[in-house]
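Trainee: Build out the structure end to end from the sequences listed, making use of the hints.
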Amino acid sequence: MTIMEPRKHGSAADGMVGGRMSRFEGELKITGSATYALEYPMEDAAHAVLVQSTIAAGRIVSVDTSKALAMPGVLAVLTPEDDLGLRACGDWMGSAAKDEPYYPLPKVVQFNGQSIAAVIAESREQASEAAKLVTFTYEETPSVTSFHDPNAGEGKLMPNLVVNWGDAEAALAAAAVRIEATYETPREYHVAMEPHGLVAKWDGDELTIWEPSQWSHGMARMYAEWFSVPYENVRIVSPFIGGGFGSKGQPLAYGAVAVAAAKRLGRPVKLAVTRPQNFTSYGGRAATRQTISLGATKDGILQSIVHRGMSETSIYMDYPEQTGAATPVLYKVENFSSEHRVVPVNTVTPGALRGPGKNPSSYGIECAMEELAYALGMDPLELRLKNYADHDYQSGKPWSTRQLREALTEGAKAFGWDRRSHEPRSMRDGNQLVGWGIGCGTFPVIRAPSEAMIRVLADGTVEVVSGSIDMGQGTYTILAQTAAEAMGVPVSQVVVRLGDSRLPGSAIAGGSMLAGSITGAVHKAAIAARDEIVGLALNTPNSPFAGSGANTLVVADGEISTTLADGPKVTIAEMMKALGREHLEIRRNTLSDDAQEAAEQRRAWTTMARVMGPTMGEFSMHSWCAHFAEVRVDEAFGTVRVSRMVSAFDCGRLYNPKLVESQWRGGIIMGIGQALLEEGLVDPRNGRTINNNVGDYLVPTNSDIPDLQVISVGVPDLNASALGGKGVGEVGIVGVAPSIANAVFHATGKRVRDLPITLEKLI
Amino acid sequence: MRDFSYTRASSTEDARKAALEAGAMILAGGTTLLDLAKCGVAEPDQLIDISHIRGLDGIAVDDRAATIGALAKMSAVADHPEILSAFPAVSQSLSLAASQQLRNMATIGGNLLQRTRCPYFRDPSTFPACNKREPGSGCSAIGGVTRNHAVLGTSEYCIATYPGDLAVALVAFDAEVNLGTRTVSVEDFFLAPGDTPEKETVIAPGEMIMGISIPVSPAARHSTYLKVRDRQSYEFAAASAAVGLEFETDGKTVRGVRVALGGVATRPWRARAVEQALVGKVLTEEAIASAAALAMEGAVAHGANRYKIELAPRVIARALQTVGGLA
Ligand SMILES: Cc1cc2nc3c(=O)[nH]c(=O)nc-3n(C[C@H](O)[C@H](O)[C@H](O)COP(=O)(O)OP(=O)(O)OC[C@H]3O[C@@H](n4cnc5c(N)ncnc54)[C@H](O)[C@@H]3O)c2cc1C
Ligand code: SF4
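Chains as they are written, first to last, in the working numbering: chain U, 1 to 763; chain Y, 1 to 327.
Since the hints were made in silico from the structure, they are not lab data.
Don't be surprised by glycine CBs; every beta carbon is placed ideally from N, CA and C.
Treat the hints with caution; some may be incorrect.
Straight-line Cα separation of at most 30 Å, DSSO-like style, residue types lysine-lysine; simulated pairs [unchecked claim]:
1) Y/Lys199 <-> U/Lys132
2) Y/Lys252 <-> Y/Lys281
3) U/Lys761 <-> U/Lys750
4) U/Lys263 <-> U/Lys298
5) Y/Lys38 <-> U/Lys67
6) Y/Lys17 <-> Y/Lys199
7) U/Lys98 <-> U/Lys29
8) U/Lys67 <-> U/Lys263
9) U/Lys29 <-> Y/Lys199
10) U/Lys298 <-> U/Lys397
11) Y/Lys252 <-> U/Lys132
12) U/Lys107 <-> U/Lys67
13) Y/Lys38 <-> U/Lys107
14) U/Lys658 <-> U/Lys413
15) U/Lys332 <-> U/Lys397
Restraint-style ranges between C-beta atoms, simulated for each label pair [as the list claims (entries may be wrong)]:
16) Y/Asp45 <-> U/Ser62: 26 to 34 Å
17) Y/Ser11 <-> U/Ser62: 21 to 29 Å
18) U/Ser62 <-> Y/Gly180: 46 to 54 Å
19) U/Gly166 <-> Y/Pro128: 54 to 62 Å
Per the computed footprint, the stretches of chain Y lying under chain U, defined by three or more beta-carbons under 8 Å from a beta-carbon of chain U, are [what the hints assert, rightly or not]:
20) 85–91
21) 120–127
22) 223–231
23) 234–241
24) 313–324
Mentor: As structure tokens, then:
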């Protein structure tokens, strides 16, 4: 449990919701004093190191551990031959666990880089060295290492991802202007600065796990189910997280191994997943391929969209990277058809990576729209505005708020879009071809309930307590701002405790749902706490307000007063003293009345059962954005540099614009990497990811990033959340890659339809 | 990581003697060696740390040559004012390499001896076949992912690219390596893989790099290093060129020219055919283009690295245009 002291400087207004307060924990991180999971001091810890498969598929016939066991310091080697006694756990949605064992070290290899053994030793160095000496005899079986393999086939249709309205095929056939194109994105990885890992410690049948987590309660449940102990017995501690981007929302096989090892050895076990192992210990974004056909009238009115997409998945689980996720909501279209298939290959199951689904989906549709614009000889901005969706054509519901038109027009103005010359290759700067492109993005508003506790201490401190997490996106800071405003205290009087599954329940920090959810709960609890103090102040005999005749009191700037000019005025600390209270504790949640029972509450915090999608309700609710990119292409070399970006966002109300802008910029930077650099390179012969390190898997450096201008065009959306915000974290990356691909086309006249746009594709 | 002993050498004699012992390796900045130890390629029993030896990090430039000690840091050489003015290509080859943090750690001696980035070389547990690591075991790269492998100087035994930048500038300007008891040209120092890719240089047991010297020349003074890559910084070259030019007194006829290539060959690659084609000619875009094309004579592609054959002459051409005042 970590107590965060707020920064004591900055203007008072910064401390309220909407203020540009700097991050509470920023200084701790910059000075290196924030303790991350693997840095947690742990006496007597043993160290586990994973051993991963080096083939794509096959059966493990035997494992020779004798050499490893003979090495100094080695305590144990766990292999597929060990029964670790784990049971399957229920999934995210909360469906009951299958009554079957779970083998985190499987006997059958399903992909290259799968964890198949672990060596536990007194030191990490000893375990690493011994891990090299564990040898396997495999019986190899045929494998399919990517969907480019001719044996991969067409995969399976996902019935729940078939969307149709109107008659798309007929309307396409009848359209005056048609384009069709196929777009691909490669495997991409989270590459969070903090690699995965954990420290696990058993005390009897109580289990504590220090592990970076985007969802402390959900992960505690899944660990509890694996190890057949009550939920209450498991505690996840995760006060600081060095980035997750979707990769840290569930326990993974290596976690099960470390916890099992701790149990078996009867001492704490620390397991650090090495950087190369991070590439296969959990899935990055799946490789995708989609074919889009657009039909339009001669003056650019969309008549039909036909979309056929597919993504890679593993051979043991269907995880669709939904290439059709943004396709239906961006434009007005009366005839629409979309399907998505998954193609099983020998890879770790892919997972959610910033802007899941929406990201590759917008890459497809936003490139296709520009291809249509060129086919029509029309300005791509005009084409987008012309086909502006006045409501959600898929659900038929009105938008709650949709400022995408404003994003397009304000963005265009700030960018200077009207100075564009339409023809490809018509803009130059010395050796460099200059190109401009647009990419729109969207991400649904996902709502979920949360719980929060406010504790008012004797010295007047207001503590905000929640089991939600902060992986750098600013939860500590915005919760302090929310509580300060609702309670009527300066933000310097607020402390925030987060990142512990023993603390009040919360939504996952994923799908951009946490901020909207948890600020709602904190706001509710803080208002209740303020009302409680006011009530006590009016009704307690010792209170300075007793007998004052006032029937209401004001709390502002940390002081309680009557509405009368000369009435008493006391600080919260003085009031607590007068009331004789050490502390005052108020817990509130935002669950509906039918879900207040303890078991139902537990289900809400540890599963996705109570999560609501964007069209569950009267409205269709989404965040929106429009990116404008300028690139310079050195044609002789094929090198692309982004020289300028302007991005305009509709994310509703911003709880802290400074933090929101940095979320947006972070997303845009990742999008630049996706467009130009990032690609998991897989050896087709054995499915090995050969650039499994940050020297070879390229993410952007500072010099790849130009000035990024971000603009907010949102208006508060009170359907989306209690305080009016929509999600900000995921949407920033969505639409960046197509804006750059479109700019590259404008610069060079070459349409690269498979990311990343590396130099050999342009020379 | 396995256990090893660590010794600080107090003199070069000390170091050379200690390094003769079985399993001993010299440690300078450690940015290559520790990396390779972590991925299981280097397995030293003893590390002989030379970084505390005094007097081996000098940088001096007189009217004949620059003399640089083996322990001079990449960043110190890159920023040295006289290197900047007398050898701009050398300075640029260093400042465009790696990252500032690495350049502050890494030494000139270690830089020359950095190993290939061939991913198959660096993943022994998955790819046992690598002739450079295990002579006779085969080459995993051939038939694999080869985007960054070499097109020049390859053999059927190994197609790994020499990744460094500095050595490219050094071969262009006839630099020499001081090995203590003898001095060899940088060009002769590096070996093509042939059928012994495990042997990358002529350095013999008991020898160490004491320093380098680069003769002062008009072409070196009038030089540039151009490095092309997808990422703006902190990436090895897809292709690079070190070029230097000296004109006749007419200011347009080439008296002397130096061209070397990086990122495309198994060793730092002097492109003499390009030089010969230009000497005595008036420097024009056409002359440059036809000369640059000669650099790729004998180039062999292995799948995904084919683009380098297209790219490298363009890099040479642009670099020549830049120093020749045509770009
Ligand atoms: C992520 C990354 C990116 C990089 N990018 C680039 C790049 O773009 N361009 C580039 O040119 N380089 C690049 N490098 C390589 C870097 O320049 C080298 O690692 C560095 O120069 C090595 O110097 P060092 O002093 O650290 O050598 P060490 O690691 O200490 O030694 C390297 C080798 O040389 C031997 N050795 C060292 N000194 C001597 C000596 N005096 N005599 C005999 N043997 C000796 C050692 O035994 C060892 O085998 C990169 C490295 C990394 C890790
Ligand atoms: S190219 Fe050379 S270094 Fe790479 S695998 Fe083949 S032999 Fe080894």
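Trainee: Could you run down the list of hints and mark each one as holding or not?
Mentor: Outcome of the hint check:
1. Y/Lys199 <-> U/Lys132: Holds. Lysine 199 of chain Y to lysine 132 of chain U sits at ~26 Å (cutoff 30 Å).
2. Y/Lys252 <-> Y/Lys281: This hinted pair holds, its Cα atoms lying about 8 Å apart.
3. U/Lys761 <-> U/Lys750: holds (9 Å)
4. U/Lys263 <-> U/Lys298: Distance of about 69 Å is beyond 30 Å: violated.
5. Y/Lys38 <-> U/Lys67: Since the Cα atoms of lysine 38 of chain Y and lysine 67 of chain U sit roughly 20 Å apart, the hinted pair holds (cutoff 30 Å).
6. Y/Lys17 <-> Y/Lys199: holds (21 Å)
7. U/Lys98 <-> U/Lys29: Given pair lysine 98 of chain U, lysine 29 of chain U is violated - Cα atoms ~41 Å apart, limit 30 Å.
8. U/Lys67 <-> U/Lys263: holds (24 Å)
9. U/Lys29 <-> Y/Lys199: This hinted pair is violated, its Cα atoms lying about 46 Å apart.
10. U/Lys298 <-> U/Lys397: Roughly 29 Å between the alpha carbons, so the hint for lysine 298 of chain U and lysine 397 of chain U holds.
11. Y/Lys252 <-> U/Lys132: violated (61 Å)
12. U/Lys107 <-> U/Lys67: holds (20 Å)
13. Y/Lys38 <-> U/Lys107: Judged against 30 Å, a Cα distance of about 28 Å means the pair holds.
14. U/Lys658 <-> U/Lys413: Holds, at roughly 22 Å.
15. U/Lys332 <-> U/Lys397: Holds, because 13 Å separates the two Cα atoms, which is no more than 30 Å.
16. Y/Asp45 <-> U/Ser62: 26 to 34 Å: Because 31 Å falls inside the window, the suggested range holds.
17. Y/Ser11 <-> U/Ser62: 21 to 29 Å: violated (52 Å)
18. U/Ser62 <-> Y/Gly180: 46 to 54 Å: holds (51 Å)
19. U/Gly166 <-> Y/Pro128: 54 to 62 Å: holds (58 Å)
20. 85–91: Violated: only 0 residues of the stretch 85–91 of chain Y have a Cβ under 8 Å from chain U.
21. 120–127: It holds: at least three residues are needed, and the stretch 120–127 of chain Y offers 5 whose Cβ sits within less than 8 Å of chain U.
22. 223–231: Holds, because 4 residues of the stretch 223–231 of chain Y bring their Cβ atoms closer than 8 Å to Cβ atoms of chain U.
23. 234–241: Our answer is that it holds, as 3 residues pass the Cβ test (under 8 Å) against chain U, meeting three.
24. 313–324: Coverage by chain U holds here, the residue count being 4 at a Cβ distance below 8 Å.
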